[in-house]
Amino acid sequence: MTHSLKGRDLISIADLSKPEIQDVLTQAAQFEQRLARGETMHLCEGRILATVFYEPSTRTRLSFESAMHRLGGRIISVAEARTSSSAAKGETIEDSARMLAAYADVIVQRHPAVGSARALADAADVPVINAGDGTGEHPTQALLDLYTIEREKGGLDGLQIAMVGDLKNGRTVHSLAKALAHWRVTLDFVSPPELAMPARLVDELQEQGVRVHQTDDMQAALAEADVAYITRIQQERFVSPDEYLRYKGVYVITAEVVRQAKPGIVVLHPLPRVDEIATDVDALPNAAYFRQARNGVYVRMALLAMVLGAV
Amino acid sequence: MTHSLKGRDLISIADLSKPEIQDVLTQAAQFEQRLARGETMHLCEGRILATVFYEPSTRTRLSFESAMHRLGGRIISVAEARTSSSAAKGETIEDSARMLAAYADVIVQRHPAVGSARALADAADVPVINAGDGTGEHPTQALLDLYTIEREKGGLDGLQIAMVGDLKNGRTVHSLAKALAHWRVTLDFVSPPELAMPARLVDELQEQGVRVHQTDDMQAALAEADVAYITRIQQERFVSPDEYLRYKGVYVITAEVVRQAKPGIVVLHPLPRVDEIATDVDALPNAAYFRQARNGVYVRMALLAMVLGAV
Amino acid sequence: MTHSLKGRDLISIADLSKPEIQDVLTQAAQFEQRLARGETMHLCEGRILATVFYEPSTRTRLSFESAMHRLGGRIISVAEARTSSSAAKGETIEDSARMLAAYADVIVQRHPAVGSARALADAADVPVINAGDGTGEHPTQALLDLYTIEREKGGLDGLQIAMVGDLKNGRTVHSLAKALAHWRVTLDFVSPPELAMPARLVDELQEQGVRVHQTDDMQAALAEADVAYITRIQQERFVSPDEYLRYKGVYVITAEVVRQAKPGIVVLHPLPRVDEIATDVDALPNAAYFRQARNGVYVRMALLAMVLGAV
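Chains as they are written, first to last, in the numbering used here: chain A, 1 to 311; chain B, 1001 to 1311; chain C, 2001 to 2311.
I should point out that these hints are in silico values taken from the structure, not numbers from a laboratory.
Be a bit skeptical, because a hint or two may be false.
[Unchecked claim] Covered stretches of chain C (in silico footprint by chain B; criterion: 3 or more residues with CB under 8 Å from a CB of chain B, positions within the stretch not fixed):
{"#": "1", "segment": "2054-2063"}
{"#": "2", "segment": "2099-2106"}
{"#": "3", "segment": "2191-2200"}
[As the list claims (entries may be wrong)] Using C-beta positions, here's what the derived DEER-type ranges look like:
{"#": "4", "chain 1": "C", "residue 1": "R2037", "chain 2": "A", "residue 2": "T40", "range": "53 to 59 Å"}
{"#": "5", "chain 1": "B", "residue 1": "G1158", "chain 2": "C", "residue 2": "T2092", "range": "44 to 50 Å"}
{"#": "6", "chain 1": "C", "residue 1": "P2112", "chain 2": "B", "residue 2": "Q1235", "range": "47 to 53 Å"}
{"#": "7", "chain 1": "A", "residue 1": "P241", "chain 2": "B", "residue 2": "Q1235", "range": "58 to 64 Å"}
{"#": "8", "chain 1": "B", "residue 1": "P1241", "chain 2": "A", "residue 2": "D280", "range": "51 to 57 Å"}
{"#": "9", "chain 1": "B", "residue 1": "D1275", "chain 2": "C", "residue 2": "S2240", "range": "53 to 59 Å"}
{"#": "10", "chain 1": "C", "residue 1": "R2259", "chain 2": "A", "residue 2": "T40", "range": "53 to 59 Å"}
{"#": "11", "chain 1": "A", "residue 1": "R34", "chain 2": "B", "residue 2": "V1114", "range": "36 to 42 Å"}
{"#": "12", "chain 1": "C", "residue 1": "V2250", "chain 2": "B", "residue 2": "Q1235", "range": "55 to 61 Å"}
{"#": "13", "chain 1": "A", "residue 1": "V250", "chain 2": "B", "residue 2": "T1040", "range": "54 to 60 Å"}
{"#": "14", "chain 1": "C", "residue 1": "R2200", "chain 2": "B", "residue 2": "T1040", "range": "46 to 52 Å"}
{"#": "15", "chain 1": "B", "residue 1": "A1283", "chain 2": "C", "residue 2": "A2278", "range": "53 to 59 Å"}
Only a predicted model underlies this, so the values are computations on that prediction, with no experimental measurement involved.
Ideal Cβ positions, reconstructed from N, Cα and C, are used throughout, including at glycine.
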């Protein structure tokens, strides 16, 4: 381990070089194995993680807290920061940062405003991990997605990965696409034209050597994809209800859709899902989204231990 | 210890055989003694309990969390699951179950819907303990009630136990009556006719050999009872306010009521109480309801340690 | 260490003698040093702190929880007691006290009603620490203020300390003034006449030998003060908006104000601040308010360890 992340913030997936990402994935795999052996770890004993959520995200919060507990560390938490914290008394995010840094050794924040994680990190003298800042970034989700793809397919180079759904507004797919650009991959962007991947990001990916296809035909894309990364389409993104209903119908993964896709295709979803993946998919070996959730703990353990200098 | 509960769910008190209940009570007594000696336990070190409450129950949540801490384990918590969790985004209880099982080694859930605990347990691959599912069951309350009666009276066989209040809607008394049916007991059901113990449950108890009396005369019942188990009567259960006021008045335990009852009678209440037990009872040796709350920690320690295979 | 605080409640700063206060400050300094050396402490292993907040105070809650974690202890928490707890079902504070004492070894409570902390302490058979009871007391804030002044100035005797802002309603300055009366200090009370320090408290301080000046001229006071303790002035305390605006303007600490004050003046604030200290002060060595927040952890560690008999 290079220890290169000690004391570092993680605000954007772009903060990490490819070797650093690889270090995180390697460390996560080691933690997964140690937990599988039933090992109780004390690497972060005496260290405190503050989880601060200005909008609810039970899944992300519990995943980080579980990770810190598995490392032997402790948690202080503001689960509903908007209403219950000093923010309601008019405190700036900079002052909150200094408070949290007085009480904790590492801070994880979810906040609805783009840029808020960077503001927190600039004011806090302990590492800050961005757990989502509005339509901005959610870098630990991208890392756990990478980890899952690598675990499911045995590697990342050479893969063809379809991203399906709302590619315009989804910070998850933006971060993941940027992360995947470090490897030799083909990305199929499957969405209604209204919800296409932003042109600037597509250009950026192509400049980095990523092969990109854009389509609104999911089944055609899945016939060639090694991985299908599914996200939710929300009605409020469409001008007309008819348009919404048209895409809502065709962008649903069912067991039948999986059977017609490339054999061995791995189906991922950042969860929670609503109805974009039918429950008849759950029992298929292709359904990796619950394993993906579990992998989030290993990846966050790796990150926490690394920024705390505990490994 | 038989270890027979390792990996098991506890949804209904009927899930446990009499020997299993006895194991839990024996284990709880052992934990009580170890804590009294000031012992710090590490039996559940490295293990994580998720407490998920879709309706508030501070008492039950804190009791479980205290139990897990006393065992050296860790907690992740969704104290206000209804508003703050993925449920608000439309996630099913089955998907929540898989998420929680990815982050924790055992799950405790309180949910307003009957059957929700079973649904959670069916989807989660870690043990689930029901901390109340609407008018359904609350099995750990029944176990701590049993433990308290046994501790206060030195045993369960041969006792006459009066249950007072709303016996129709009270899941607590339903679970406790079912649990007591494993022993040779007499049960006096004291309630207004409108709030009587369901006939089906009475039949079931009698088939198991329980002697059952039903009455609306509390003082007469308490003259013969070894234990008085008091529950709250809520106004909204009555059609007419007059009817409510009539029973509200006579089903209040005061120091005077205790003096006229059978000597040595033990007064229990699942708490919180409002005014069905007057505060002048608190100082009497008969008042066991605060000891009962304390016993909840020992019983929940026993259950957590047993389903986790830690004892 | 005299251990004299074992089992004791801390409701008012007046509960502590001068030697006891000095013990707390000495213990806090020792904990600060041990943490600075990177020591992981296990002094409160197996012990549980319950934090119960009937009104939000993220800063105070997290400070106590961080302190307990640093000691190796555990936390159970009711962060929003008003809505989520048994209080909503009509439970009295005395019954809540007995419940909490069944689950925890020490209780920290914030409650909007004066006297509520004493009521809790009277009913609970474990130590209770008052984390603010309305306009009543907030004794741990006074202790951390003392600790900070001593650390910043090297001692307390002989200091001239200006308290600025709303001195009528501020429980923080009341508790701090009472605590400082154990030492040979001069107190300058700087406020609008409407928000002056209560006459009874001023009399009491003078009887104890404190030299007191009262003024509404902040800059004149700061020219002679070793310490400036700033608090917020709230608009709703004034009858006329004009009056408010007049004082709002002159009671703002800026870098320029600090430059015109006594050299080496230490600026304190209980936080959160809104605009009574300009951010251009933050970078000055005089700005001690963020160090003050950090000191809260050491002081609360000392108190928790002492009332638990762990040191």
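Okay, the hints, checked on the actual structure:
1. 2054-2063: violated (count 0)
2. 2099-2106: Three-residue rule met by the segment 2099-2106 of chain C, so holds; n is 5.
3. 2191-2200: violated (count 0)
4. C:R2037 with A:T40: 53 to 59 Å: violated (25 Å)
5. B:G1158 with C:T2092: 44 to 50 Å: violated (36 Å)
6. C:P2112 with B:Q1235: 47 to 53 Å: Roughly 28 Å apart at Cβ, these two residues miss the hinted range, so it is violated.
7. A:P241 with B:Q1235: 58 to 64 Å: Since A:P241 and B:Q1235 have Cβ atoms about 46 Å apart, the given range 58 to 64 Å is violated.
8. B:P1241 with A:D280: 51 to 57 Å: Hint holds: Cβ distance 53 Å, inside 51 to 57 Å.
9. B:D1275 with C:S2240: 53 to 59 Å: Since the Cβ atoms of B:D1275 and C:S2240 sit about 47 Å apart, the hinted range of 53 to 59 Å is violated.
10. C:R2259 with A:T40: 53 to 59 Å: 55 Å Cβ-Cβ, so the 53 to 59 Å window holds.
11. A:R34 with B:V1114: 36 to 42 Å: holds (41 Å)
12. C:V2250 with B:Q1235: 55 to 61 Å: About 57 Å separates the Cβ atoms of C:V2250 and B:Q1235, which means 55 to 61 Å holds.
13. A:V250 with B:T1040: 54 to 60 Å: This hint holds: roughly 59 Å between Cβ atoms.
14. C:R2200 with B:T1040: 46 to 52 Å: Holds - the Cβ-Cβ distance for C:R2200 and B:T1040, about 48 Å, lies within 46 to 52 Å.
15. B:A1283 with C:A2278: 53 to 59 Å: The hinted range 53 to 59 Å holds for B:A1283 and C:A2278, with Cβ atoms some 57 Å apart.
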